[in-house]
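Peer 1: For reference, the chains in residue letters:
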Amino acid sequence: DGGITQSPKYLFRKEGQNVTLSCEQNLNHDAMYWYRQDPGQGLRLIYYSQIVNDFQKGDIAEGYSVSREKKESFPLTVTSAQKNPTAFYLCASSFTGNTEAFFGQGTRLTVV
Amino acid sequence: QKEVEQDPGPLSVPEGAIVSLNCTYSNSAFQYFMWYRQYSRKGPELLMYTYSSGNKEDGRFTAQVDKSSKYISLFIRDSQPSDSATYLCAMSAPGGYNKLIFGAGTRLAVHP
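Residue numbers (the numbering used here), protein chains in the order written: chain A, 1 to 112; chain B, 1001 to 1112.
Think of the hints as simulated: they come from the structure by calculation, not from any bench. A hint or two may mislead.
Pairs of lysine-lysine residues, derived as DSS-like cross-links and limited to a Cα-Cα distance of at most 25 Å, are as follows [to be verified]:
| no. | chain 1 | residue 1 | chain 2 | residue 2 |
| --- | --- | --- | --- | --- |
| 1 | B | Lys1099 | B | Lys1067 |
| 2 | A | Lys83 | B | Lys1002 |
| 3 | B | Lys1002 | A | Lys57 |
| 4 | B | Lys1056 | B | Lys1070 |
| 5 | B | Lys1067 | B | Lys1056 |
| 6 | B | Lys1099 | A | Lys70 |
| 7 | B | Lys1002 | B | Lys1099 |
| 8 | B | Lys1042 | A | Lys9 |
| 9 | A | Lys57 | A | Lys83 |
| 10 | A | Lys70 | A | Lys9 |
| 11 | A | Lys57 | B | Lys1099 |
| 12 | B | Lys1099 | B | Lys1042 |
| 13 | B | Lys1067 | B | Lys1002 |
| 14 | A | Lys70 | A | Lys57 |
| 15 | A | Lys57 | A | Lys71 |
| 16 | A | Lys83 | A | Lys14 |
| 17 | B | Lys1002 | B | Lys1070 |
| 18 | A | Lys71 | B | Lys1099 |
Covered stretches of chain A, going by a simulated chain B footprint (3 or more residues, C-beta under 8 Å) [unchecked claim]:
| no. | segment |
| --- | --- |
| 19 | 29-43 |
| 20 | 99-105 |
All C-beta atoms, glycine included, are put in the ideal place defined by N, C-alpha and C.
Kindly produce the complete structure, drawing on both the sequences and the hints.
Peer 2: Next up, the structure:
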């Protein structure tokens, strides 16, 4: 089945650690996105990419990094510089020029 | 002022009621409008996608866009308990990267 797979579903991080969230899609989409969701704030864009080896900062990129070495994969690293990383992280993808974005099931990150 | 405003609710209705969910926006360049449904601890699921103004119907769901008022609506007819979820509006402008801007989401509860 085609879709977007995020892993892990739950992730716990200690203070000062970097963690990487995985996002893989087999929909042949060119564009991929990372959003952060906090209660009562909707989805905020962290990073997005329209093509391999190219990506752009979203509205809240500080403390995060991404790579796009393959069309199918867009991993997100939450660095120790991110002061408040506890949130629900959502990955999405779409065809370029078509803004119907489809989402994965999310990763819930908790700092312990 | 946020680019997209959405009443967070919660909205509680009896089964069978007609539900009206709304978003307002400030950016007149928005042309693509979407409604997503999100169940607790899950990724958003695309419900409706509309380009520019007008109505679109899909089963019990109707999406309306009024660009002159910068106002979009989602109507749910014959609401069911399974419709209980958070509904997110999203929109974007043509050209450039497909940057989707989301509302905060409205939490809906349909009780039997």
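Peer 1: Please work out if Lys1056/B and Lys1070/B have their alpha carbons no farther apart than 25 Å.
Peer 2: 17 Å, holds
Peer 1: For the pair supplied as a hint, Lys1002/B and Lys1099/B, confirm whether the alpha-carbon distance does not exceed 25 Å.
Peer 2: Holds, at roughly 15 Å.
Peer 1: Take a quick look at whether Lys57/A and Lys83/A sit within 25 Å of each other, Cα to Cα.
Peer 2: 18 Å, holds
Peer 1: Keeping to a limit of 25 Å between CA atoms, is the pair of Lys1099/B and Lys70/A held or broken?
Peer 2: Status holds; Cα separation ~21 Å.
Peer 1: Within 25 Å, alpha carbon to alpha carbon, are Lys83/A and Lys14/A?
Peer 2: Measuring from Cα to Cα gives roughly 12 Å; hence the hint holds.
Peer 1: Verify the proposed pairing of Lys83/A with Lys1002/B, using a straight-line Cα cut of 25 Å.
Peer 2: 23 Å, holds
Peer 1: CA of Lys70/A to CA of Lys9/A, is that 25 Å or under?
Peer 2: Answer holds: Lys70/A to Lys9/A is near 22 Å, not above 25 Å.
Peer 1: Do three or more residues from the segment 29-43 of chain A put their C-beta atoms closer than 8 Å to C-beta atoms of chain B?
Peer 2: Contact hint for the segment 29-43 of chain A vs chain B: holds, 7 residues under 8 Å.
Peer 1: Could you grab the alpha-carbon distance between Lys1099/B and Lys1042/B and see if it respects the 25 Å cut-off?
Peer 2: With a Cα-Cα distance of about 21 Å, the restraint between Lys1099/B and Lys1042/B holds, given a limit of 25 Å.
Peer 1: Verify the proposed pairing of Lys57/A with Lys1099/B, using a straight-line Cα cut of 25 Å.
Peer 2: Holds, at roughly 11 Å.
Peer 1: Go check the segment 99-105 of chain A versus chain B for me, would you? Three or more residues, Cβ under 8 Å, otherwise it fails.
Peer 2: n = 7 at 8 Å, threshold three: holds.
Peer 1: Given the hinted pair Lys1067/B and Lys1002/B, is their Cα-Cα distance within 25 Å?
Peer 2: Since the Cα atoms of Lys1067/B and Lys1002/B sit roughly 17 Å apart, the hinted pair holds (cutoff 25 Å).
Of the numbered hints listed earlier, not one is contradicted by the structure.
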